[in-house]
Structures are given as structure tokens and as C-alpha cells.
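The listed protein sequences derive, respectively, from chains A and B. Heads up, the first sequence is in my numbering, so the first residue is 130 and it goes up one at a time. Heads up, the second sequence is in my numbering, so the first residue is 2 and it goes up one at a time.
No lab work stands behind these hints: they were computed from the structure. None of these values were measured; they are calculated from a predicted model. Hints may be right or wrong, so weigh each one.
With beta-carbon atoms standing in for the labels, derived distance ranges [said to hold, decoys possible]:
1. A:Thr159 x B:Ser28: 22 to 30 Å
2. B:Gln18 x A:Arg189: 44 to 52 Å
3. A:Arg189 x B:Ala15: 42 to 50 Å
4. B:Gln68 x A:Gln236: 34 to 42 Å
5. B:Glu83 x A:Ser180: 34 to 42 Å
6. B:Ser80 x A:Arg142: 45 to 53 Å
7. B:Gly85 x A:Lys197: 34 to 42 Å
Just a sample of chain A residues kept apart from chain B, beta carbon distances all over 12 Å, derived [to be verified]:
8. Phe138
9. Arg142
10. Ser156
11. Gln186
12. Gln188
13. Lys196
14. Arg204
15. Asp207
16. Gln209
17. Gly211
18. Gln236
Glycine included, each C-beta is placed from N, C-alpha and C at the ideal position.
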Amino acid sequence: GEDVEQSLFLSVREGDSSVINCTYTDSSSTYLYWYKQEPGAGLQLLTYIFSNMDMKQDQRLTVLLNKKDKHLSLRIADTQTGDSAIYFCAERLNTDKLIFGTGTRLQVFP
Amino acid sequence: DSGVTQTPKHLITATGQRVTLRCSPRSGDLSVYWYQQSLDQGLQFLIQYYNGEERAKGNILERFSAQQFPDLHSELNLSSLELGDSALYFCASSVEGGGESYFGPGTRLTVL
Numbered sequence: 130g131e132d133v134e135q136s137l138f139l140s141v142r143e144g145d146s147s148v149i150n151c152t153y154t155d156s157s158s159t160y161l162y163w164y165k166q167e168p169g170a171g172l173q174l175l176t177y178i179f180s181n182m183d184m185k186q187d188q189r190l191t192v193l194l195n196k197k198d199k200h201l202s203l204r205i206a207d208t209q210t211g212d213s214a215i216y217f218c219a220e221r222l223n224t225d226k227l228i229f230g231t232g233t234r235l236q237v238f239p
Numbered sequence: 002d003s004g005v006t007q008t009p010k011h012l013i014t015a016t017g018q019r020v021t022l023r024c025s026p027r028s029g030d031l032s033v034y035w036y037q038q039s040l041d042q043g044l045q046f047l048i049q050y051y052n053g054e055e056r057a058k059g060n061i062l063e064r065f066s067a068q069q070f071p072d073l074h075s076e077l078n079l080s081s082l083e084l085g086d087s088a089l090y091f092c093a094s095s096v097e098g099g100g101e102s103y104f105g106p107g108t109r110l111t112v113l
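The shape of chain A in the complex, shown without the other chains:
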């Protein structure tokens, strides 16, 4: 089936690392994505990883993929108040459509 799950909330202190987790069920995923949505705004593509990769790093962002467990995580190093937003995990199936998780609301406090 097509199901992507995320925890709803995460609260971290400014300067700490944030780790947002995601699990998915469809093993035919080709790519997995992380999108950021700020209040009243659209979806901003943060990063994505091809399904045959284990890790991808892009500046403060690190994506880890455990294909065996169908688990994806996004680590944000040195989290800033500007990182406060909703983060969506999504899997791209071989049909090209994206299946989104429910989103994790990240709150960064000083």
C-alpha cells in the first residue's frame, strides 16, 4: 500500500540538531523527498535522495535512508529559528506521483 508516516511535532533548542523521521511502505519508491512549508507558503524542496543511496549531505541537511526498514530521516544541524516550519516527507513511486506524509511541525525555541 501507499502510506507515509511522520511524527506530528518536534521541539528543539536553537543551535541543537533536529532529526525528523519518516517511514514509508511502498518498496517501489524511486526517490524520497523532504519539503519545507512555512506558514501561508508553498512547498519548498529541501533535498531528495535516490532510493539506491544510503545518505546525502547538503550543507546543514543530512538525509539517511534505510531501505530495508523503509525509514528516512532528515537531520538539520545547528537548527535556527528560521527552520521553524512543517517538514513533509514524500516518496515518489514508479508512477511518478508523490505520496506525502502528514508533516512534522518543527518548533525551534531560543
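On the provided structure of chain A, position chain B as indicated by the hints.
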């Protein structure tokens, strides 16, 4: 700026009416996708077009239809609108088989 444009940004209309949302994909992208974001349903895939032809269909109601034109822009038509159709409608585009999938800023539809 993702390169995907959507108009209008906001739309307020009444139940029973019909509206058209417009999307222009990024230059070079042949695939266009429509998604609906609502509080109760989250982000739901509606429909995909590739180079003018329907490629995949998701949870799209029969009252909704879409098309992609020769210049690759796409329109989503919503008819016989109901209160529950109030949502953010996003368009996205991508290169076929490519990893990057970019979203437009969305159209916020309010049905009164």
C-alpha cells in the same frame, strides 16, 4: 522561486460555482501534477499530465477535471463547488524520471 507559477493566488467563490486554476511548469518540464492540501486530508495527489496526456490519476473527484495544453501549461477545473473543496491547490512539475519535483506557490480556494 521554484520556477512553477500558479494563478490566481487566492480565489473566493460560492457553493455551486465553477473555477479554473492555472499552472505553468518550469521551463523544460513536461510533467505537471496537481495536489490538494486540506486540513483533514493532508496533501493528496489529484492528477498528472505528461506532454499533454493524462498519465496518472489519484483521488480526484468527478466534479474536477484537468488538461495540459500544447504549450505545457495546465488548468484544473473545479465545478459544482462544495464547502469541503476549500483547500490549497498546488501544481508541481518535473522532468520525467528525474529526481527534482518542484511546487508552485499554490492557489488558496475558499468556497463560501
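Hint-by-hint comparison with the structure:
1. A:Thr159 x B:Ser28: 22 to 30 Å: Between A:Thr159 and B:Ser28, where Cβ atoms are some 23 Å apart, the hint holds.
2. B:Gln18 x A:Arg189: 44 to 52 Å: holds (45 Å)
3. A:Arg189 x B:Ala15: 42 to 50 Å: holds (46 Å)
4. B:Gln68 x A:Gln236: 34 to 42 Å: holds (41 Å)
5. B:Glu83 x A:Ser180: 34 to 42 Å: holds (38 Å)
6. B:Ser80 x A:Arg142: 45 to 53 Å: holds (49 Å)
7. B:Gly85 x A:Lys197: 34 to 42 Å: holds (40 Å)
8. Phe138: holds (15 Å)
9. Arg142: Non-interface label stands for A:Arg142: nearest chain B Cβ at 28 Å, farther than 12 Å.
10. Ser156: holds (18 Å)
11. Gln186: Holds: least Cβ distance 16 Å, greater than 12 Å.
12. Gln188: A:Gln188 clear of chain B: closest Cβ-Cβ about 17 Å, beyond 12 Å.
13. Lys196: Holds, since 16 Å exceeds 12 Å.
14. Arg204: holds (20 Å)
15. Asp207: holds (25 Å)
16. Gln209: Non-interface label stands for A:Gln209: nearest chain B Cβ at 22 Å, farther than 12 Å.
17. Gly211: The assertion about A:Gly211 holds, with a minimum of 18 Å to chain B.
18. Gln236: holds (19 Å)
Consistency note: the structure conflicts with none of the earlier hints.
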